[in-house]
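S.K.: Chain R is already provided as a structure; the job is to place chain H on it using the hints.
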Amino acid sequence: MSTLAPATSRTSAAGPTPKQRRRRANRPSPLLVAFVLVPFAVESIWVFWPALQGFYFSLTRWDGLEPPTFIGFGNYTELAGDAVFRGALVNTVIWLALFGGLSVLGGFGMALLLQRERRGVGFYRAALFTPVVFSLVVTALVWRVFYQPDGLADQLLRAVGLEQLIRPWLADPQTALYAVILPALWRQIGYVMVLYLAGLKAIDPALHEAARMDGANARQRLRHVTIPQLRGVNAVVLSVIVIDSLRSFDIVWALTHGGPYHSSELLSTYMYSAAFQSLRLGYGSAIAVVIFILALAVILGYLVRAFREDA
Amino acid sequence: MSDFDPSRRRFLGHLGLAGVGALGASSLLSACASSASGPVDKASGAISLQSNLSSPQAKAAMEKIIENFNKQGSGRATVNTIASETYRTQLPTYLTSANPPDLYTWYAGSVANNYASKNLLLDVSDVWQGLGDYPQSLRNISTDPTGKQIFVPMTNYWWGFFYRKSNFAKWGVQEPKTWAEFITLCQTLKSKGVAPIGIGLGDTPWVASAWFDYLNIRINGAPFHRELLAGKQRFDDPKVKAVFARWREVLPYFDPKGKAYPFQEATTALLANKTGMFLIGTFFADAAPKDALGDLDFFQFPIIDPAVPVAEEAPTDGFFASAKTANPAGTKALLTYLASVQAQETYIQSSSGIVLPAHPKAKAADSPLVVKGKAMLDNAKELTQFFNRDSSDALQPTADTALTKFIDKPDQIDAILREWQTSAEKVFKG
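Protein sequence lines correspond, in order, to chains R and H. The first sequence runs contiguously to residue 311 in my numbering. The second sequence runs contiguously to residue 741 in my numbering.
Hints are computed from structural coordinates only; laboratory data are not their basis. Cβ coordinates follow ideal geometry from the N, Cα and C atoms, glycine included. Treat the hints with care, since some could be wrong.
Claimed, not checked - To be clear about the criterion: a stretch of chain H counts as covered by chain R if any three or more of its residues have a C-beta under 8 Å from a C-beta of chain R, and this derived list gives those stretches:
1) 397-405
2) 505-514
3) 533-544
4) 713-720
The shape of chain R in the complex, shown without the other chains (with noise of 0.2 Å):
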């Protein structure tokens, strides 16, 4: 949300030019000044300035009931020395490259299998796309009953054999992120296959037919023709992972409230806990923060990329 705030600024600050010659086509029209002006105000008031203000009070210590104390960075070398939080951030980065990259493989994978128009197709699409319509509460409520002691992963292991792997997966410190990276995968494999779908079905099919007349073959035209021509989704569904990582937090609420003992912390989990149990706003606001600088630093990053490669 906040990484969209420069690109609207930049566009209220441009306003009417001091080129009156051409009025017409250089002045917006009314209508176009209150599409950006309205907006714009809105998003001040309800985004720009809060974020503004959680950086101001990252640098107090307040409890939500007096006034915050203005304590310069003593939040930020508090999170220096944090063990807890290192352990956020180390979990934060597994689950980026876990669910990140498995759902980028998985969803461009099957994006790829069920692109062609077969029989059928239609229902592993829709199968594969249910899981993101739920609520990723009543996503966590079905996969907890799947973890629960004697539960279904446990049936499934002792119907294979396999039941000396059985653990209690949720309250197992070895065993707690993965099995909840996993019910998150599950769902946003869904949605990045619907996003690549949507991409491959603009490619200009004159592509890989010119492709296959040079004689390309299938692997060719994967590298070749398709992944090139998915640039622009590729920045999109990158956006969307980053963010969805970094700010993912009611699935690990609900199944693990990060825990046990903060093994399935993520930051957005022990931003939560600092702020709103602990009591602590002004460093859950520095925590928070630290998420913004984070996910703004990966995003800049690939799209100070991807503009330099466009030009």
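M.R.: Chain H alone, transformed into the frame defined by chain R:
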């Protein structure tokens, strides 16, 4: 929106005013928070009561009490019931808002005192002048450090080891009185192929705090426990380590599946004869089928050191009012009604839970279980509330982390207690 002025000076001015917190937390944070406080009807002069008693029976019971109060003619009130977890996170927002609801369900003890010290609670000493029947112990926990009453209790309940009478008869075992008898009981149950001690930590890790509270008040006594929870003692103190040494003696008898499921499922496990006994508060009965309740009994947490005055956990629920209420007289009238025998008996009769009325003359349910629980609390030299109520909701997660980690990795107790002390210090420091 009309007064929005993007000019820089005005903007910076707002930034300086950020302390007022008018917009609440930053958007980054508030994205996680849910709804704001409910509508407050000031025009009609009705007293608004925010209630976290969201289980269907308790909600209906509260609504009935308010209905009876409205019929009485001494004022009008409305009740607004909110899911308890939402309520917990939103309560500070309600209390600090410019136009807060008048009355709130909440807990006695240090959580209420904490709000009182910030001048957010109405002084209800007048109401207490009419509550001469109430015991001193309840008056004490309703009084803030400056000596004024800020809380009116409605009910309390107790914690104990619950078990099925038929199972104990089948296994030929008796209620233990001492720690040694308790360990023998655990050994006997284990030899019969039952997990002796049930627990439910998945999703409800705070249940482990009952073990910590009880061991601490049995070994070190209630005064030390309160000081520890108030930040006047250290969690890495050898006295605290002694608590965990005791706990470790019975760790092998805990149900290993208890880590993975919440206390509601631990209740089911107890009723399904999979576990022998379960240290829990009486609220667990909400999750139990009615016909199973007749077979349930409980025993007091065993005595470890007979020299330590016996204390029991008796979490007290009740009400406090906002200092900013527009109608203090009406609010106090409602509080007086809520503290009455009539209102409390209505609540006890309508709610399914096992609770004791705060008013000594109000009739509790006459089941043998309730009689036994009431007697246990009456005989206690001291009452404690519960970990979060004797400290704060902010300290509770530090306990959850430390205790669940201890149950998993008892060898690391020194490191765990050091971490606990560090994170507790952060909470106390703010």
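S.K.: When I compare C-beta atoms, does the segment 397-405 of chain H have three or more residues closer than 8 Å to chain R?
M.R.: Three-residue rule met by the segment 397-405 of chain H, so holds; n is 3.
S.K.: Examine the segment 533-544 of chain H: at least three residues should have C-beta closer than 8 Å to a C-beta of chain R.
M.R.: violated (count 0)
S.K.: Apply the coverage criterion to the segment 505-514 of chain H and chain R: a residue qualifies when its Cβ sits closer than 8 Å to a Cβ of the chain, and three qualifying residues are needed.
M.R.: Contact hint for the segment 505-514 of chain H vs chain R: holds, 3 residues under 8 Å.
S.K.: Closer than 8 Å Cβ to Cβ for three or more residues is the test here. Does the segment 713-720 of chain H pass it with chain R?
M.R.: That given contact holds, which follows from 4 residues of the segment 713-720 of chain H lying within Cβ reach (below 8 Å) of chain R.
When the structure is compared with the earlier hints, a violation turns up for hint 3 alone.
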